[in-house]
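Novice: So that you can map any letter, position 117 of the sequence shown is 134 in the numbering used here, and since no number is skipped, the others follow by simple counting.
Among the hints, a few may not be true.
Claimed, not checked - Only pairs whose alpha carbons sit at most 27 Å apart, straight line, appear in this in silico DSSO-like list of lysine-lysine: (1) Lys360 with Lys344; (2) Lys259 with Lys245; (3) Lys184 with Lys262; (4) Lys245 with Lys334.
Everything labelled a hint here was simulated from the structure, so no lab data went into it.
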Amino acid sequence: MADITECYSEFIKIENFLNLVIKILTFSFFPRKILFGLEKYTFPVVLIYYFLSIIIAFIYLNGTILEAVMVIEIFLGVVQVLVKLLTVLINEKDLYELLLWIRGLHQDCTFNAIRQSVETHFSTIQFFIRIFTKIICVLYNMAAAGVIAYAIYTNLVIFAIPWIPVKQNESNIYHHINQAFILPSITIIATPCEYILITIGSYIIAIQNIFHDMIKQLDNSNLENKKKVLKTIYIFHCKILKNLKMFNDVYSFVFTIQALSSAVIIMLLFYIIRIETNLIFIPLVLGIYLQFSLLCIFGELIYSKTANIFVDLYLTKWYEFDLSDQKVFLMMMRASQNPFGLKAAGMYDINIVMFIQVVKAGFSFCAILYTFT
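Construct all of the structure, not just a fragment, from the sequences and the given hints.
Specialist: In structure tokens form, the structure reads like this:
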């Protein structure tokens, strides 16, 4: 058995931060249940208030189509945040179980021959997580600031205060103060939810890379006790399939809502860019595209790596193993014949093809608008 990996300490920092984030989102940092367990729904109630503010603002809206599109886009963005937040609240135990599984892989490299692979893939994925979470945090905050600035400049009210009417061609200072508080707070709620999804999804991809390296070790002539190693690989394969299913079950509704809403948002973004070529929208555009592209890349990588398991197993020298071991090969190959992938609404594959199709639909939508205008 190998010792704890060098990247273990970095993962502990990530895990502790994730645990803190989950506690904050669920309000479980209180020593006692002050609201009989209902305090975990504090942030969803806040987001419901934001929904009410958007609906009121839309009712009072009497401006251009561009302003209506802006309100609809923000509404869909809040829907995404609410769904991701509820996913964390409802599946808190499953998320902890996934993190516990990942931590165990840092503590046990299975056998010394695979130690370098574990170090390489986990260190790479930790670097990826640090970089992309910082990028997303910056883009989300810049997008919120850009929308606030545009709303003040055009006197656009996206979040209206209930019982205070929105006035046309007059100052709406109270509404602007309200939405100047709401938009950054949405970012504060959205960023941790994205961080949880990116972290677990990234580690799953790294674990699949490690599994492929483990299969290649079966052809290593210097490997001792191949029968035991094959058994370990089989058990590891079962755990990967189990936790992939858990990950998909936890985030299945998120994938569906984000895929559908992002498709609509991207199409509407083309309309905004077509009508209002303002640099202030660049962070908003980049943030939405980065969010949707990451989802599609995750789906593509998870599918392709599970699809390659069958080929990797077949290319090993399985014929040099005895009959009982060949049966283990056969069981793993049979389990990998149907590659695992992320799906929206349980039907549509989330991959690069979906991203390209959505972008193409956005271009087509923009071309139609250009024709009629």
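Novice: Quick one: which hint numbers does this structure break? Sort them smallest to largest.
Specialist: As far as the earlier hints go, 1 and 3 are violated by this structure, in ascending order.
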